[in-house]
Amino acid sequence: MKMNGARILLECLKKEGVDLVFGYPGGTVINIYDELYNFKEIRHILPRHEQAGVHAADGYARATGRVGVAIATSGPGATNTVTGIATAYMDSIPMVIITGQVPTALIGNDAFQEVDIVGITRPCTKHNFLVKDVRELATILKKAFYIARTGRPGPVLVDIPKDVQIAQTEFSYPESIELRSYKPTVEGHPKQIERAVEMILGAKKPVVYVGGGVVLGNAAAELTEFCRTLELPVTTTLMGLGSFPENDPNSLRMLGMHGTYYANMAMTNTDVLVAVGARFDDRVTGKLSTFAPHARIIHIDVDPTSIKKNVRVDLPIVGDVKGVLQRMIKVAEANKEKVALLKEAMLPWKEEIAAWKEKHPLTYKHASSVIKPQYVIEKLRELSNPDAIVATDVGQHQMWTAQFFGFTAPRTLLSSGGLGTMGYGLPAAMGAQAGFPGRQVICVCGDGGVQMNIQELATIVQNRLPVKLVILNNNFLGMVRQWQELFFDKRYSQTCMELPIDFIKLAEAYGAKGFQATRHEEVEETIKKGFATDGPVIMEFKIAREEKVLPMVPAGASLNEMVLNA
Amino acid sequence: MKHTISVLVENEFGVLSRVAALFSGRGFNIDSLSVAPTNDESISRITLVTGGDEQVLEQISKQLNKLVDVIKVIDFTDGSGIEREMALIKVTAEDESRAEVLRIVDIFRAKIIDVTPKSYTIEATGSPTKIDAILELLRPLGLKELVRTGTVAIGRGAKGWKG
Ligand SMILES: Cc1ncc(C[n+]2csc(CCOP(=O)(O)OP(=O)(O)O)c2C)c(N)n1
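Residue numbers (the working numbering), protein chains in the order written: chain A, 1 to 566; chain B, 1001 to 1163.
Wrong hints could be hidden among the right ones.
Counterexamples of contact, computed for chain B against chain A with all Cβ distances above 12 angstroms [to be verified]: (1) Glu1010; (2) Val1015; (3) Ser1017; (4) Gly1025; (5) Leu1033; (6) Ser1097; (7) Phe1108; (8) Lys1111; (9) Ser1119; (10) Thr1129; (11) Lys1130; (12) Leu1143; (13) Leu1146; (14) Arg1148; (15) Thr1149.
Derived, one-sided and incomplete: chain A residues facing chain B with beta-carbon distance under 8 angstroms [claimed, not checked]: (16) Pro123; (17) Arg180; (18) Tyr182; (19) Lys308.
Derived coverage of chain B by chain A (criterion: at least 3 residues anywhere in the stretch with Cβ under 8 angstroms from a Cβ of chain A; other residues may be distant) [stated by the list, open to error]: (20) 1049-1062; (21) 1078-1088.
It should be emphasised that the hints constitute simulated quantities derived from the structure, not laboratory data. All values reported here derive from a predicted model rather than from experimental measurement. Glycine included, each C-beta is placed from N, C-alpha and C at the ideal position.
Can you build the whole structure from these sequences, using the hints too?
See the structure below:
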């Protein structure tokens, strides 16, 4: 059947199983919106800013595991998507972003609302396309979705000029696609896998270090099974939280800059380090020259460029983590006696770890004269549903959430790890809630970052998305203030927010409900009220203003040089 | 250490800038670059020469492989390839130096492709070291202009890049 490009786009989205998009109209996508007007199979959510639309698609993708889709018009609409795209790129989130472009004949003429968005996003997309002919549109979209979700996932942008949206052609969607230049390695080398298990079985002080790749690769169950079978100590990055239950006795919880003392000590003393779907980010390794100095390193990742990028690797396995872990489980099962021996050999190591845990557990100075942010997070865990999804913004509250919430399932923490994008939390929560209307979605923000996309309260209320927004209000750009306190002699340059915001009135202005706690005793009651209230809610907690995130490995220091209480 | 790398890519717009961006994004210089379609019109071959430490080059080579439009990456640094380059050289040639220029051209089996009473323009091909050598001899006579194509390289032996 002949149809125009705009309609073909929607048909392609439908074929890809997309039933929800986040988008913002404008001159060069008006034809797409005109087709959407009568297209009932796709639900469209109108955010109040294109950046938020992309973050929402990202939050949706992280929570559901499906490809998130966002639409924006050319020029300013397109440039507004860039932060959202870069955020998704750094965390390898599968997304397809559709931008309108000026008509092909005008490209390069500085036409009204023209920008070279393909050029601008080249370094922050997995791939991108400019569609020059309507006859290529369907194939390009097929490629876009294929590239976005396979191998190491990532955002793909498709720029569609207005005339291509108007032009007509016969629609047919390719069933499958084969790209000679893009063939992600999915199956790990069987011999390497055997060697890896052998190396682990011969270890005395092994540690498994888990990154976001395990969440993205839907391999949390396999990872947990393998580690539990061998009783291996497991630590995760911020992105890996939830892939191994933090209430497991062998969980070392999060490592790195704000990781636990015992996780970082284990990393420093391990003899066999098993990195799974992780990329040795500088926030995780600390000073590279002293990182895991005694360890032989096994690195499992689907992306060969991750391997040996920052650290030397003794045994690389390129492949899909799920398949690799399944094989590792089989190899371990075939070596039952060796597994038993390993468990015995690890006993002194377990004692060492237990001693570290006892010496410096993950804790904070309790107080009832002020609201401790850590206490709020603990109460949130206690009072929320077991399958609640938590989105965070970026800053101290993000780290407190990562430290004290206790994540036990994958895809329950949505957080901008790689780019550290303030303003991410609220729209991401909105996207997750749109994907799971029936689940509890909590968003934890600081009073700074929440104001970077606060306008999304309108979208949330309009679409009846019952997001529970928790604001840990210290009236500071807290994380930067903490650095200024520790490393700049308390010179609080431009980190005090000065003007107090009445977040309760703000909630009401948008048609949401607001509750506030200013004293320790009010925390529990406020959370209960917030969770019991239908629809979107703001819960604001006036927290101890100069509370710090600890422990902390100062930037550039070794993992075992932690500031424990400053 | 200098590396000569061939990158076989889809013959599409934007590919060259993706490849170049991998270098510029890391603050790396590309010493020379040449691009043209291959016997298969849908595939272009980019040959580039770059320097840098081994670890960084390994990373760049992996990143090149990761680009969606890149079909194959071949590093010829191990001597597995034959490298050639062409240079067009405009050199001052007056009075006694005219004969000297001709002698050098002869020794290097180069060609004179343009003549004026005051200059010769020379076409020289060969390995990059050979081009460097002829330039060294011509430089004292007065180089007016120099154009080099950049290195191209092909693997030794009977096999093509597809094996
Ligand atoms: C878009 C953006 N701008 C600046 C920063 C730098 N930054 C990191 S954390 C932070 C402070 C965040 O303050 P707030 O949102 O109040 O959260 P808190 O740290 O107080 O919990 C800043 C400014 C950033 N990460 N992102």
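Consistency of the hints with the structure:
no. : hint      : in the structure
1   : Glu1010   : violated, 6 angstroms
2   : Val1015   : violated, 10 angstroms
3   : Ser1017   : violated, 7 angstroms
4   : Gly1025   : violated, 6 angstroms
5   : Leu1033   : holds, 18 angstroms
6   : Ser1097   : holds, 48 angstroms
7   : Phe1108   : holds, 40 angstroms
8   : Lys1111   : holds, 39 angstroms
9   : Ser1119   : holds, 39 angstroms
10  : Thr1129   : holds, 32 angstroms
11  : Lys1130   : holds, 34 angstroms
12  : Leu1143   : holds, 37 angstroms
13  : Leu1146   : holds, 32 angstroms
14  : Arg1148   : holds, 28 angstroms
15  : Thr1149   : holds, 26 angstroms
16  : Pro123    : holds, 6 angstroms
17  : Arg180    : holds, 6 angstroms
18  : Tyr182    : holds, 5 angstroms
19  : Lys308    : holds, 7 angstroms
20  : 1049-1062 : holds (count 4)
21  : 1078-1088 : violated (count 0)
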